[in-house]
Structure formats: structure tokens, C-alpha cells
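Asker: Counted from 1, the sequence shown has number 298 at position 298 by the working numbering; the numbering is strictly sequential.
Among the hints, a few may not be true.
[To be verified] With a Cα cut of at most 27 Å, we get these calculated DSS-like pairs of lysine-lysine:
id : residue 1 : residue 2
1  : 308       : 2
2  : 56        : 43
3  : 164       : 323
4  : 164       : 138
5  : 30        : 72
6  : 134       : 164
7  : 152       : 72
8  : 42        : 73
9  : 134       : 2
10 : 73        : 138
11 : 72        : 56
12 : 73        : 56
13 : 245       : 139
14 : 164       : 105
15 : 305       : 323
16 : 196       : 223
17 : 158       : 138
18 : 30        : 2
19 : 56        : 2
20 : 73        : 134
21 : 134       : 72
22 : 139       : 104
23 : 139       : 164
24 : 158       : 134
25 : 305       : 164
26 : 2         : 72
[Unchecked claim] Taking CB as the label site, the calculated pair distances span:
id : residue 1 : residue 2 : range
27 : 225       : 69        : 49 to 59 Å
28 : 186       : 365       : 49 to 59 Å
29 : 306       : 247       : 34 to 44 Å
Calculated from the structure, these hints are not laboratory results. Positions of the beta carbon are idealized from the N, C-alpha and C atoms, including for glycine.
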Amino acid sequence: MKRVLQILGTTNLGGAESRIMDLYRHMNRKEIQFDFLVHSGKKGFFDEEIKRLGGKIYYLPSFRVYNYFSYKKACRLFFAEHPDYAAVHGHMTSTASIYLPEAKKAGIPLTIAHARSAGVDKGIKGTITKLLRKNLYKKCDRMLACSDLAAKAVFGEKSYRENKVTILPNAIDTREYMPSEQIRNQIRREYQIEDKFVIGHVGRFHYAKNHEFLVEIFAEILKQRENAVLMLLGDGPLRGEIEEKAKRLGVYDKIIFAGNQTPAAPFYQAFDYFLFPSRFEGMPGTVVEAQAAGLKCLISDSVTKQVKATDLVTFLSLEQPAKVWADEMIRQTQEEADRNGKRNPAAECYNLASTNYDVNNQVRFYEELYKGGR
Numbered sequence: 001m002k003r004v005l006q007i008l009g010t011t012n013l014g015g016a017e018s019r020i021m022d023l024y025r026h027m028n029r030k031e032i033q034f035d036f037l038v039h040s041g042k043k044g045f046f047d048e049e050i051k052r053l054g055g056k057i058y059y060l061p062s063f064r065v066y067n068y069f070s071y072k073k074a075c076r077l078f079f080a081e082h083p084d085y086a087a088v089h090g091h092m093t094s095t096a097s098i099y100l101p102e103a104k105k106a107g108i109p110l111t112i113a114h115a116r117s118a119g120v121d122k123g124i125k126g127t128i129t130k131l132l133r134k135n136l137y138k139k140c141d142r143m144l145a146c147s148d149l150a151a152k153a154v155f156g157e158k159s160y161r162e163n164k165v166t167i168l169p170n171a172i173d174t175r176e177y178m179p180s181e182q183i184r185n186q187i188r189r190e191y192q193i194e195d196k197f198v199i200g201h202v203g204r205f206h207y208a209k210n211h212e213f214l215v216e217i218f219a220e221i222l223k224q225r226e227n228a229v230l231m232l233l234g235d236g237p238l239r240g241e242i243e244e245k246a247k248r249l250g251v252y253d254k255i256i257f258a259g260n261q262t263p264a265a266p267f268y269q270a271f272d273y274f275l276f277p278s279r280f281e282g283m284p285g286t287v288v289e290a291q292a293a294g295l296k297c298l299i300s301d302s303v304t305k306q307v308k309a310t311d312l313v314t315f316l317s318l319e320q321p322a323k324v325w326a327d328e329m330i331r332q333t334q335e336e337a338d339r340n341g342k343r344n345p346a347a348e349c350y351n352l353a354s355t356n357y358d359v360n361n362q363v364r365f366y367e368e369l370y371k372g373g374r
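Working from the sequences, and respecting the hints, build out all of it.
Answerer: Below, the structure written as C-alpha cells:
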């Protein structure tokens, strides 16, 4: 059996973490087993499942810039004590230029840097991330990215242009999103929204997700569609601010703050439409999930066009005011039959199942990649 080390910030619910766990569940674990090296120092959402699947969890100190040398030393000591991995797969690219070279020095044959996001945080943190990512392409054996935008943002235009980066969309198990009237009715009864038009969004309450604009759009939608509700799945540091904004706009009682939900797949069945006005993304798996569930999606044009796996996706500029977004959604829902109407959402799920957006079709690539290690 080969063991592969996955390096992450945390093992909590999140886009990258969820996609890695999807892959982990589908791997042939008799041949390839995952361990996890995380930076949180705290128990994460997926910890128990990781242990149940046979994985181990290790911890590094969080990188704070001022602890550059002690962080680097911690990486060196870890790999000196654990040199037998077939591969080290780094999803935390902000410090990959530190930990991947240390893995290589310890004799680990395959180091992988995986770009999961197309943007960086604002201010000094974003500036430092850009500096640390500089020349990352020289410090790893393989470069993977979830989209063209993520590849360019992390590895640079030149690496992308020269086809040195392998693009793999964030894949899901499309079977979990097969439309089901039974599940749809169950969720809608539970939240007492049987007769409502449910607009859905799934994502962490973080600057990148642009919840403040999402709430503004919803306020405009309510002016035209009084039976609309907004269901928000996820949690995060900005949730309190968004709740306060919803109260100021007078729409708080029409928003369901559902928190983190796992599995999230059943909730897509309850949605009638999916709104996603993110400021930046690598390859948003939630938009792929929404398409697999047969939902029309209105998303920002700052998101990679590669997320458009079906004709269900429409792009719109964030420079357009909230009313334009609301008008576009209303226009689409007037043109289309409701989910209980003529459209066949199951067909969209079937279409995705045969593509690289389905994790079952990506597993073999990763198995061969990891076997190329030790």
C-alpha cells in the first residue's frame, strides 16, 4: 500500500476539503491510503471519517509570516520523521513553496502543488501570499489546478500557456444529486417552505462569496416575487454582518440561515434556483453540484467559464446593480417551467455523470499519479 500526504489548512467543511474527501471515499484504499497534515491544530469536521477510512491526521503550526523560520523547521522535522510517503499533495499553495521543497529534501519522490482558488485575500495577507507563490512552479514535480483562472493565479501565465499545468475540475459524485421529489418535499416540509420559490446558495460566509451583494439581489427579487425565500447553507466569520444587513434591508425573516449541512446534496433538491455572485473562485464545486441537481444558475463572470458544464449556467457581471441580477433571474424563471414542470432535471445529472466533473471518472487519474511515486 502507498500512502499519500494531503496538506490542507483544516479538515473542516469547505470546498477543497469536501472535494478531497469525495476523492478519498472513492479511492481503492487497499492500494492507496491518505494521511492529512493540517495547520489548524484543532479537531476538524472530517476527522472522524478520515480515521474511519484508515487515514492519520498530523498538525503543523499556522503560518504567520513572523514565524517563517520556525514554520520551515517544523516542516523539515515532520518530513524527517515521515519520509516514506509516495507523494505529498499540497492544496494550501500559500505556503507550498516552503513545505514541498522540505518534502523533496527528505526523499519523497513526488510533490504536487494544487491550485484551488483564483484569488487572494485583500491587504498585506494577499501581498504575502503572492510573494510566497512566486516561482512555486519551480518547487514542485507536478502542478494541478481546478480551472484555468486558478492555474494562472497560482502558477503564472507562462506555466499555463506552456501546458505545464493539468486542469482537473472539482469533481463530485453526481449520483448523490439525482433529482428526487421525495427528498425535495421532505426538506421543504421540514423548513415550512412547501409553497415558496426557494433561491439557494451554498458557501462559507467569507469575502470571496460576496454574501452582501447576494442579499441585495434577494431584496430586489422580493419586490417582484413575494413568495421567494433565500436559503443559505454554510457558516463563517461574516455571518453576523450578513444577518445585520438582512435586517437593515427588511428581508431577514425571508432568509433561512441553515448553517453547515452535511450531506448538502439533499438541500439542492429543495431549491428552485441557484444564485452565486462570488468575487473570485477557483472552480466552485457548488455550481457543479447545482447543475447536477438540474438547477438554473446565475453566477458572476469573475468565475471561470469552465464551471459551465451544462446550459443551466448564465454569467453576469458584478458591475451590474442588484436589480439587473434580480430582473435576469425573474426573466429566466418566467421562461422556464417550474421544477415540477416540463424540464427534466435528471437529464442534466445524467449528462454530468459521463464527464470529468464526476469524481468516479477522476479516480483513475489520481491513482496512476500517486502510483508514480514510491
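Asker: Against the 27 Å threshold, does the CA-CA distance of residue 73 and residue 56 hold or violate the hint?
Answerer: holds (21 Å)
Asker: Does the structure keep residue 42 and residue 73 at a Cα separation of 27 Å or less?
Answerer: holds (21 Å)
Asker: Between the alpha carbons of residue 308 and residue 2, is the straight-line distance 27 Å or under?
Answerer: It is violated: about 35 Å lies between the C-alpha atoms, which goes past 27 Å.
Asker: Holds or violated: residue 139 and residue 164, Cα atoms, limit 27 Å.
Answerer: Cα-Cα ~13 Å, so holds.
Asker: For residue 2 and residue 72, compute the direct alpha-carbon distance and say whether it is at most 27 Å.
Answerer: holds (26 Å)
Asker: Holds or violated: residue 56 with residue 43, Cα cutoff 27 Å?
Answerer: This hinted pair holds, its Cα atoms lying about 13 Å apart.
Asker: For the pair supplied as a hint, residue 134 and residue 72, confirm whether the alpha-carbon distance does not exceed 27 Å.
Answerer: holds (17 Å)
Asker: Are the Cα atoms of residue 30 and residue 2 separated by 27 Å or less?
Answerer: holds (9 Å)
Asker: Compare the distance between the alpha carbons of residue 30 and residue 72 with 27 Å, and conclude whether the hinted pair is satisfied.
Answerer: violated (33 Å)
Asker: Regarding residue 306 and residue 247, is the given constraint of 34 to 44 Å on their beta-carbon distance met?
Answerer: At roughly 37 Å between Cβ atoms, residue 247 and residue 306 fall inside 34 to 44 Å, so the hint holds.
Asker: Are the Cα positions of residue 164 and residue 323 separated by 27 Å at most?
Answerer: violated (42 Å)
Asker: Taking 49 to 59 Å as the stated bounds, is the beta-carbon spacing between residue 225 and residue 69 within them?
Answerer: holds (57 Å)
Comparing the model with each earlier hint shows violations of hints 1, 3, 5, 9, 13 and 28; every other hint is respected.
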